[in-house]
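Novice: Work out the full structure: start from the sequences and follow the hints.
Here is how the chains run, residue by residue.
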Amino acid sequence: MPILLASDETHLTNFSGNKKLWPVYMSIGNIRSSIRNMHTMHAWIPIALLPVGPKRVNKITGYSVEMQKQQALQTVHEVFTHLLKPLSDARCQTGYEMICTDRNVRLYFPKLFCWLTDHMENATIHAITSNPCPVCIVPVEKLGKYSETGYPRCSHADYITAHRESDALSLNEQGVKNINNALWSLPKLNLPDLVRADILHNILLGVWKHMIDWIQDFLEHYERINAFDYVWCRLPPYPGFSIPTKLYRVVSQWSGKEIRNFAKVILGTFAAALRQTTNQPRLTGGQVQEFNEAILCVSSLTDFHLMTQYPSHTDQTISYLKRYLREFHETKNVFLHFRAGKKVKKAAAEAHKNL
Amino acid sequence: MLRVICSDYDSPSSEPESEGSDKEALRLSSESEADEDNLKPDVTNPDPDVTNSMTLCHAGIPIRAYSFPEEDPGLNLYAPFQHHVDYRLARFFNCAKTLQGNIEQFLQEGILQGLNLAHHIQFRSAYTMYKLVDAATNEPRWQSGVVDYPLLNGVQFHYRNIILAVKYLLCQKAYAGDMVWGPQQEYDREGNRVYSEINTAIWWEDNQVRISDILCRIGD
Numbered sequence: 251m252p253i254l255l256a257s258d259e260t261h262l263t264n265f266s267g268n269k270k271l272w273p274v275y276m277s278i279g280n281i282r283s284s285i286r287n288m289h290t291m292h293a294w295i296p297i298a299l300l301p302v303g304p305k306r307v308n309k310i311t312g313y314s315v316e317m318q319k320q321q322a323l324q325t326v327h328e329v330f331t332h333l334l335k336p337l338s339d340a341r342c343q344t345g346y347e348m349i350c351t352d353r354n355v356r357l358y359f360p361k362l363f364c365w366l367t368d369h370m371e372n373a374t375i376h377a378i379t380s381n382p383c384p385v386c387i388v389p390v391e392k393l394g395k396y397s398e399t400g401y402p403r404c405s406h407a408d409y410i411t412a413h414r415e416s417d418a419l420s421l422n423e424q425g426v427k428n429i430n431n432a433l434w435s436l437p438k439l440n441l442p443d444l445v446r447a448d449i450l451h452n453i454l455l456g457v458w459k460h461m462i463d464w465i466q467d468f469l470e471h472y473e474r475i476n477a478f479d480y481v482w483c484r485l486p487p488y489p490g491f492s493i494p495t496k497l498y499r500v501v502s503q504w505s506g507k508e509i510r511n512f513a514k515v516i517l518g519t520f521a522a523a524l525r526q527t528t529n530q531p532r533l534t535g536g537q538v539q540e541f542n543e544a545i546l547c548v549s550s551l552t553d554f555h556l557m558t559q560y561p562s563h564t565d566q567t568i569s570y571l572k573r574y575l576r577e578f579h580e581t582k583n584v585f586l587h588f589r590a591g592k593k594v595k596k597a598a599a600e601a602h603k604n605l
Numbered sequence: 004m005l006r007v008i009c010s011d012y013d014s015p016s017s018e019p020e021s022e023g024s025d026k027e028a029l030r031l032s033s034e035s036e037a038d039e040d041n042l043k044p045d046v047t048n049p050d051p052d053v054t055n056s057m058t059l060c061h062a063g064i065p066i067r068a069y070s071f072p073e074e075d076p077g078l079n080l081y082a083p084f085q086h087h088v089d090y091r092l093a094r095f096f097n098c099a100k101t102l103q104g105n106i107e108q109f110l111q112e113g114i115l116q117g118l119n120l121a122h123h124i125q126f127r128s129a130y131t132m133y134k135l136v137d138a139a140t141n142e143p144r145w146q147s148g149v150v151d152y153p154l155l156n157g158v159q160f161h162y163r164n165i166i167l168a169v170k171y172l173l174c175q176k177a178y179a180g181d182m183v184w185g186p187q188q189e190y191d192r193e194g195n196r197v198y199s200e201i202n203t204a205i206w207w208e209d210n211q212v213r214i215s216d217i218l219c220r221i222g223d
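From first to last, the protein sequence lines stand for chains A and B. For the first sequence, our numbering begins at 251 and goes up steadily by one. For the second sequence, our numbering begins at 4 and goes up steadily by one.
Simulated from the structure, these hints should not be mistaken for laboratory data. Note that beta-carbon positions come from the ideal geometry of N, C-alpha and C, so glycine has one too. Be careful, since some hints might not be right.
Which stretches of chain B does chain A cover? Using the computed rule of at least three CB atoms under 8 Å from a CB of chain A, they are [stated by the list, open to error]:
| id | segment |
| --- | --- |
| 1 | 147–158 |
| 2 | 164–176 |
| 3 | 181–192 |
Far from chain A, some chain B residues (derived; all Cβ distances over 12 Å) [said to hold, decoys possible]:
| id | residue |
| --- | --- |
| 4 | Pro-83 |
| 5 | His-87 |
| 6 | Val-88 |
| 7 | Asp-89 |
| 8 | Glu-107 |
| 9 | Phe-109 |
| 10 | Gln-111 |
| 11 | Leu-118 |
| 12 | Gln-125 |
| 13 | Phe-126 |
| 14 | Leu-135 |
| 15 | Ile-201 |
Here are the computed lysine to aspartate or glutamate pairs in the DMTMM-like style, where the Cα-Cα straight-line distance is at most 20 Å [what the hints assert, rightly or not]:
| id | chain 1 | residue 1 | chain 2 | residue 2 |
| --- | --- | --- | --- | --- |
| 16 | A | Lys-361 | A | Asp-339 |
| 17 | A | Lys-361 | B | Glu-208 |
| 18 | B | Lys-176 | A | Asp-352 |
| 19 | A | Lys-392 | A | Glu-577 |
| 20 | B | Lys-134 | B | Glu-107 |
| 21 | A | Lys-572 | A | Asp-553 |
| 22 | A | Lys-269 | A | Glu-259 |
| 23 | A | Lys-507 | A | Asp-368 |
| 24 | A | Lys-319 | B | Asp-151 |
| 25 | A | Lys-395 | A | Glu-577 |
| 26 | A | Lys-438 | B | Asp-209 |
| 27 | A | Lys-507 | A | Asp-448 |
| 28 | A | Lys-438 | B | Glu-208 |
| 29 | A | Lys-459 | A | Asp-258 |
| 30 | A | Lys-596 | A | Asp-463 |
| 31 | A | Lys-438 | A | Asp-339 |
| 32 | B | Lys-176 | A | Glu-347 |
| 33 | A | Lys-392 | A | Glu-580 |
| 34 | A | Lys-459 | A | Asp-565 |
| 35 | B | Lys-170 | A | Asp-258 |
| 36 | A | Lys-596 | A | Asp-467 |
| 37 | A | Lys-305 | A | Asp-258 |
| 38 | B | Lys-170 | A | Asp-352 |
| 39 | A | Lys-270 | B | Asp-151 |
| 40 | A | Lys-507 | A | Asp-553 |
Specialist: Here is the structure:
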């Protein structure tokens, strides 16, 4: 029986003690997804409220922030051990007899199937640093680059051996924290399998959130932002789409709901802004090519996003997904200038001054 | 570093437990034809693309039917409510989303006593009514523990037993028509394999079929 867990640390208050809550929810894979995903059916039940650790303190001599983080992580994993103890029980191997809704008794072998969460919590659960991938051994410099063949998956058996031998150096090199991971105690569980594709975290709050900034910078760079705003403010209403009340660049916080709304219209709006010819300077050949590539990049991401929402998949739809992903990575370089982080931009500005 | 306030994890007994909420639900289901249909396990797939589905071997097949003690005359099907009138009244208030103030007013004016002199309502306020409703749901209870961080002692955490939570979800009648028990292979018109639910994925096949095969071999 697949057990599904989901968690997300939530910030509750800003000015009265910075209260945080860290709930963990649970459901089972035996319930059809259409029912499980309806919040009115209450198929996800709260299973734990995890402790939220104190803030790190910088000014303690002999007790660095790194040590504090390490000990806080170890404490969280001790709580995980307690929470997941029933799943490491010997009874899970022999099975539990349980009454089902169809008045039958079945033998159940509970097994953790996934833990849905964002990357930072995945790092906590897998006890890794924030840079490496929790699924595969991909070099940090290759993160964000497309790979047809993929990379070998993380081998937690090796990490367990290194931890038992207190080989902290080897663990550090692989970006793994030297603590006793609570999930290692669960039998027949391959930890990288716990990370499952998640539209909210991977696509909406992942790639789309970056794409929003890239598009804005791209439009400003080519002086198309006013044309874009013109189209953006005149989007007609239709079922399932709420008309944006603010200008695109004025929206300060993009939540999952707003990004979902944005993804529905961005391709048409972006293409209309770039293809507008009235009151615009004549485009050079290079600019036309860049505009076409930018539209193709946004189109690939939109297609990928729309296809991930299919209720069922075949090998063919999965091959389409791979194709869209490849196309996105092939064309994303058109936004390369706008993808630079603060550090790179600062370095580039300094280098420019020196010239 | 880790302290647990409540009783520690107790391994659930192997005997299946009867569920209070399920008793009431089963009684009610006999009154409604639509609800009766929900009790039958539904193996049809709602996805229109899927034209052919196949259940794999014996995985997910029940080991025995559960004989529910409905016939026992001493069994109170409406526990923790003492009488079916109390249960139905609470059910009405809950389903109609009646405001707590209105419930209080209804109980204070004694309207029900006016209609039926013999019956005394078990609850006197909305608060006590909802306490009974909560008790009827039979949810797994919460336990608490305390952890000590190096710079902050006594941080509380709360948790439930996962196995009891699974039992609770499995016996919910609301999901009766939407439960899957074993792996299925689904195909479209062209014969391509379709992946829609978790039980149509290869992961489920790999896990459940392997376990059930091992059990069958042991049984043989």
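Novice: Hint by hint, say whether it matches the structure.
Specialist: Hint check:
no. : hint                    : in the structure
1   : 147–158                 : holds (count 8)
2   : 164–176                 : holds (count 12)
3   : 181–192                 : holds (count 6)
4   : Pro-83                  : 20 Å, holds
5   : His-87                  : 22 Å, holds
6   : Val-88                  : 27 Å, holds
7   : Asp-89                  : 24 Å, holds
8   : Glu-107                 : 26 Å, holds
9   : Phe-109                 : 26 Å, holds
10  : Gln-111                 : 32 Å, holds
11  : Leu-118                 : 33 Å, holds
12  : Gln-125                 : 26 Å, holds
13  : Phe-126                 : 24 Å, holds
14  : Leu-135                 : 19 Å, holds
15  : Ile-201                 : 4 Å, violated
16  : A:Lys-361 <-> A:Asp-339 : 11 Å, holds
17  : A:Lys-361 <-> B:Glu-208 : 13 Å, holds
18  : B:Lys-176 <-> A:Asp-352 : 8 Å, holds
19  : A:Lys-392 <-> A:Glu-577 : 17 Å, holds
20  : B:Lys-134 <-> B:Glu-107 : 14 Å, holds
21  : A:Lys-572 <-> A:Asp-553 : 11 Å, holds
22  : A:Lys-269 <-> A:Glu-259 : 11 Å, holds
23  : A:Lys-507 <-> A:Asp-368 : 16 Å, holds
24  : A:Lys-319 <-> B:Asp-151 : 14 Å, holds
25  : A:Lys-395 <-> A:Glu-577 : 12 Å, holds
26  : A:Lys-438 <-> B:Asp-209 : 12 Å, holds
27  : A:Lys-507 <-> A:Asp-448 : 15 Å, holds
28  : A:Lys-438 <-> B:Glu-208 : 15 Å, holds
29  : A:Lys-459 <-> A:Asp-258 : 18 Å, holds
30  : A:Lys-596 <-> A:Asp-463 : 17 Å, holds
31  : A:Lys-438 <-> A:Asp-339 : 12 Å, holds
32  : B:Lys-176 <-> A:Glu-347 : 18 Å, holds
33  : A:Lys-392 <-> A:Glu-580 : 15 Å, holds
34  : A:Lys-459 <-> A:Asp-565 : 28 Å, violated
35  : B:Lys-170 <-> A:Asp-258 : 24 Å, violated
36  : A:Lys-596 <-> A:Asp-467 : 16 Å, holds
37  : A:Lys-305 <-> A:Asp-258 : 18 Å, holds
38  : B:Lys-170 <-> A:Asp-352 : 13 Å, holds
39  : A:Lys-270 <-> B:Asp-151 : 17 Å, holds
40  : A:Lys-507 <-> A:Asp-553 : 18 Å, holds
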